[in-house]
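Number of protein chains: 2
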Amino acid sequence: MQPKTDAPEYRQLMIDKLRENNVEEFRSLFFELHPYDQAKFFLKLDQPDRMLLYQILSPEEMANVFENIRDDKNRYKSLLEEMHPAFAAKMMEYMYADDAADVLSELTKEKISSYLTIMDAQAAKSISELLDYEQFTAGSIMTTEFVAINANYTVRSTMDLLRKEAPDAETIYYLYVIDEEKHLVGVLSLRDLIVHEDDTLIADIMKKKVYSVSVADDQEEVARKMKDYNFLALPVVDFQHRLVGIITVDDIIDVLDEEASDDYSKLAAVSDVDSYDPNAVSAAKKRLPWLIILLFLGMFTAGLIGQFEETLNKVATLALFIPLIAGMAGNTGTQALAVAVRRIATGEGTSERVWKIILKEAGTGLITGTVCGIVVALTIFIWKQKFFLGLLVGLSILSTLTVATIAGAFVPLVMHRLRIDPAVASGPFITTINDMISILIYFGMATLFMNYLL
Amino acid sequence: MQPKTDAPEYRQLMIDKLRENNVEEFRSLFFELHPYDQAKFFLKLDQPDRMLLYQILSPEEMANVFENIRDDKNRYKSLLEEMHPAFAAKMMEYMYADDAADVLSELTKEKISSYLTIMDAQAAKSISELLDYEQFTAGSIMTTEFVAINANYTVRSTMDLLRKEAPDAETIYYLYVIDEEKHLVGVLSLRDLIVHEDDTLIADIMKKKVYSVSVADDQEEVARKMKDYNFLALPVVDFQHRLVGIITVDDIIDVLDEEASDDYSKLAAVSDVDSYDPNAVSAAKKRLPWLIILLFLGMFTAGLIGQFEETLNKVATLALFIPLIAGMAGNTGTQALAVAVRRIATGEGTSERVWKIILKEAGTGLITGTVCGIVVALTIFIWKQKFFLGLLVGLSILSTLTVATIAGAFVPLVMHRLRIDPAVASGPFITTINDMISILIYFGMATLFMNYLL
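Chains as they are written, first to last, in full-length UniProt numbering: chain A, 1 to 454; chain B, 1 to 454.
Mixed in with the good hints, there may be bad ones.
[What the hints assert, rightly or not] The calculated DMTMM-like cross-link candidates involving lysine to aspartate or glutamate, where the alpha carbons are at most 25 Å apart (straight line), are:
| # | chain 1 | residue 1 | chain 2 | residue 2 |
| --- | --- | --- | --- | --- |
| 1 | B | K225 | A | D217 |
| 2 | A | K77 | B | D228 |
| 3 | A | K73 | B | D71 |
| 4 | B | K209 | A | D238 |
| 5 | A | K225 | B | D250 |
| 6 | B | K207 | A | E197 |
| 7 | A | K208 | B | E24 |
| 8 | A | K208 | B | E9 |
| 9 | B | K207 | A | D250 |
| 10 | A | K4 | B | E221 |
| 11 | A | K208 | B | D192 |
| 12 | A | K360 | B | D71 |
| 13 | B | K73 | A | E32 |
| 14 | B | K164 | A | E197 |
| 15 | B | K208 | A | E197 |
| 16 | A | K4 | A | E60 |
| 17 | B | K209 | A | E60 |
| 18 | A | K207 | B | E20 |
| 19 | B | K40 | A | E60 |
| 20 | B | K360 | A | D72 |
| 21 | B | K73 | B | E24 |
| 22 | B | K314 | B | E258 |
| 23 | A | K314 | B | E106 |
| 24 | B | K225 | A | D238 |
| 25 | B | K44 | A | D46 |
| 26 | B | K356 | A | E259 |
| 27 | A | K44 | B | D250 |
| 28 | B | K40 | B | E24 |
| 29 | B | K209 | A | D192 |
| 30 | A | K225 | B | E258 |
| 31 | A | K225 | A | E180 |
| 32 | B | K225 | B | E197 |
| 33 | B | K40 | B | E9 |
| 34 | B | K40 | B | D250 |
| 35 | B | K40 | A | D217 |
| 36 | A | K207 | B | E32 |
| 37 | B | K125 | B | D250 |
| 38 | B | K4 | A | D168 |
Honestly, the hints are just simulated from the structure, not real lab data.
Chain A on its own, in the form it takes in the complex:
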């Protein structure tokens, strides 16, 4: 039997029941859905309908819905604010602590503490501890709901404990073994557990070598580690190697997805391609800062060409090839940039090899430049019957491509060494730098060899 999803007809049926205040039928339809589809249904409702929903669902049921709107974080704030504060606080008590912390982190300090004060003390404590970790660290994405056992437990007593904790823990497939000071001393999987006799001591079957990450580790590093080693969960330890939380694979998928979107956005010079704006004005507001910066960089390029106005006045034909040369410089630079950024992102761009990479890119630039230079020179010669013009454009392409390729690789690598996110050196910026370089080369050569062109 295929589960129901929020198909348009089903959706409309639910909305009808909701508005008729037919609580029973609405609830039976609603709970047919997977929490993710419940969240999708919820997000598409208009505000009056959402207000009806808050009357019908318990805070615990609403918590389940709220945990599944991870992709629309920008809506957390306004949704919380339309709920009754007591309802919202109760709901966050029922959420996994890491998800609740995620929701609260979108609010102001004052708002956060006002919610925490009306919450159950225990829940408030775990949430506020998570809020203390810096953004983008392992601490900020970990959960504190995990199963920890002692090495002197038996398989039987562990299974008993699991049966009790299973409903609350985020994962029960890895069990972490701690000593009296809460130091992480071992790990075993549920798979290991079930294949052993009931009387076996945990100490005898646990793995003593445990892969773990520190609370302060970068979330992207943690994500790469989980991906490479195929873990379903990783323990997080503090600076004394005490177990403080775990990170599960679903959080990691979100991190990898965010980081990929982020790199992609920066290459395209948009703040965040994933936060789609249904509104033209707010979309324009997000894109304008980039465009204005690029506009002024473009004015510099115009100024640069202005320096060669005399040359241009003599041979106006030169203007024809400006977009071609600048465009090729931009394209080749973006290619080199993309390769370098991805290398760094996948952790392959180690510092020791920077010069080797640059050298290799210089070689690549020289080869592509030579080929493209010859092609363009021949084309112009055939098309315009002008030998020296073809030679000039060909040589410009050759030198431009070489320089642009090196610049494309060099800038992100250097930024990485200076600990700036290299993806910031986004496509358009490299393109603008390469525009200027290419124009300098092209007009410089044209001015030098003016006699041959006339």
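Please arrange chain B on chain A, whose structure you already have, making use of the hints.
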């Protein structure tokens, strides 16, 4: 205790033992490592050292290593060829069928069947079945090593079965329930299983609504589904709804990563940013096809400007703003393109709303165009003291940005409806189209209003 990784000193120690043929010490060092680190160590070895390794490791141990070189698929072929064929075949028998199929899919048909014939018949059958599924479908990434049970099993008999199958199955955390015709009829998690009494019937505790995917579903869709619903595994059914395999979360992470890289590569006009070439010639070979195409597109732009040579001869200053206008058109088009491509990738760009998106983008383009147009007109007026030139460039920017934004969103959306991968409409192509549009607008207006410019 932190596990060992392939740090340089540790690595060197292993290589020394390997070359001394100190089998015992080498093996004890090697098996300290996680299979992923074993694979990393293996991949960095020179060929003579790898040949030594094949003598020391059993096919089963080597299978474990080979399953972890997923990120370097282009090396499968040459590595297999340097092994003794019988050793390679034995190794693939021990690998998970989906991983073995992945390795073999890099070879020619003849090679594949020669390996399959010397393999154990059972293993060869599962592998060749997987090889029959089309690339990029659920069938091609699923595994056939899963645990299936009957509804009339009890919790106890299921646990007994699990203990037996645990070492071979790729995951035991989801158990799939099938009827006599192998139709998928239910699912339960190991978590559900352990909280119930030993005598409970599976039929009474299984979930009858099972999320599943079809063998022919696109792998990207499957990945999105697993991400959205937070599944650790998804069952794959054939057209008669018979269970044929499962897809685990680790495979899905690889798919998401590949797709993100792919979109990123296309925006940058590189074939594949992730397959890093240490060699300049092969890197150049990969980038040249794109560059040559872009070169000829650039020649069209040159030809277009050539149509306005007379205008240029009269007012050479016009050339100054070519890169600015063309650049802005490129940037704004790439922004709109990136937003549209990501929307489609995340499954949000449904066909019904295409016109709404285009309309919204037109609004965004008009706003950004107006703002940038005013800024540039004022700047030129202050800088050059030329009122009409400023007005001309400002108006060109206004209309160019509007058109370019619409084109940036329109092209990928239309391609998506025509079932072409919209990411192919990569940044540089949109940029070239927008270059031409912008030049037509700019020089067209300049020619029309020539009297005011002189």
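Results for each hint:
1. K225/B / D217/A: Given that 25 Å is the threshold and the Cα spacing comes to 29 Å, the pair is violated.
2. K77/A / D228/B: Given that 25 Å is the threshold and the Cα spacing comes to 21 Å, the pair holds.
3. K73/A / D71/B: Given that 25 Å is the threshold and the Cα spacing comes to 32 Å, the pair is violated.
4. K209/B / D238/A: violated, 41 Å
5. K225/A / D250/B: Measuring from Cα to Cα gives roughly 12 Å; hence the hint holds.
6. K207/B / E197/A: Violated: K207/B and E197/A sit about 29 Å apart, past 25 Å.
7. K208/A / E24/B: Distance of about 22 Å is within 25 Å: holds.
8. K208/A / E9/B: holds, 23 Å
9. K207/B / D250/A: Holds, at about 22 Å.
10. K4/A / E221/B: holds, 17 Å
11. K208/A / D192/B: Not OK: K208/A and D192/B at ~28 Å, beyond 25 Å, violated.
12. K360/A / D71/B: Between K360/A and D71/B the Cα gap is close to 22 Å, so the pair holds against 25 Å.
13. K73/B / E32/A: Not satisfied, since the Cα-Cα distance of roughly 42 Å exceeds 25 Å.
14. K164/B / E197/A: OK: K164/B and E197/A at ~13 Å, within 25 Å.
15. K208/B / E197/A: Violated. K208/B to E197/A sits at ~32 Å, over the 25 Å cutoff.
16. K4/A / E60/A: Satisfied, since the Cα-Cα distance of roughly 22 Å is no more than 25 Å.
17. K209/B / E60/A: Distance ~23 Å between K209/B and E60/A Cα, so the pair holds.
18. K207/A / E20/B: Between K207/A and E20/B the Cα gap is close to 30 Å, so the pair fails against 25 Å, i.e. violated.
19. K40/B / E60/A: Distance of about 46 Å is beyond 25 Å: violated.
20. K360/B / D72/A: With Cα atoms ~20 Å apart, K360/B and D72/A stay inside 25 Å; holds.
21. K73/B / E24/B: violated, 30 Å
22. K314/B / E258/B: violated, 52 Å
23. K314/A / E106/B: Answer violated: K314/A to E106/B is near 58 Å, above 25 Å.
24. K225/B / D238/A: Given that 25 Å is the threshold and the Cα spacing comes to 34 Å, the pair is violated.
25. K44/B / D46/A: Violated, at about 57 Å.
26. K356/B / E259/A: violated, 28 Å
27. K44/A / D250/B: This hinted pair is violated, its Cα atoms lying about 31 Å apart.
28. K40/B / E24/B: holds, 21 Å
29. K209/B / D192/A: violated, 29 Å
30. K225/A / E258/B: Within the cut-off at roughly 16 Å; holds.
31. K225/A / E180/A: violated, 28 Å
32. K225/B / E197/B: Distance ~32 Å between K225/B and E197/B Cα, so the pair is violated.
33. K40/B / E9/B: holds, 14 Å
34. K40/B / D250/B: holds, 18 Å
35. K40/B / D217/A: holds, 22 Å
36. K207/A / E32/B: holds, 12 Å
37. K125/B / D250/B: With Cα atoms ~24 Å apart, K125/B and D250/B stay inside 25 Å; holds.
38. K4/B / D168/A: At roughly 33 Å apart (the allowed maximum being 25 Å), D168/A and K4/B break the hint.
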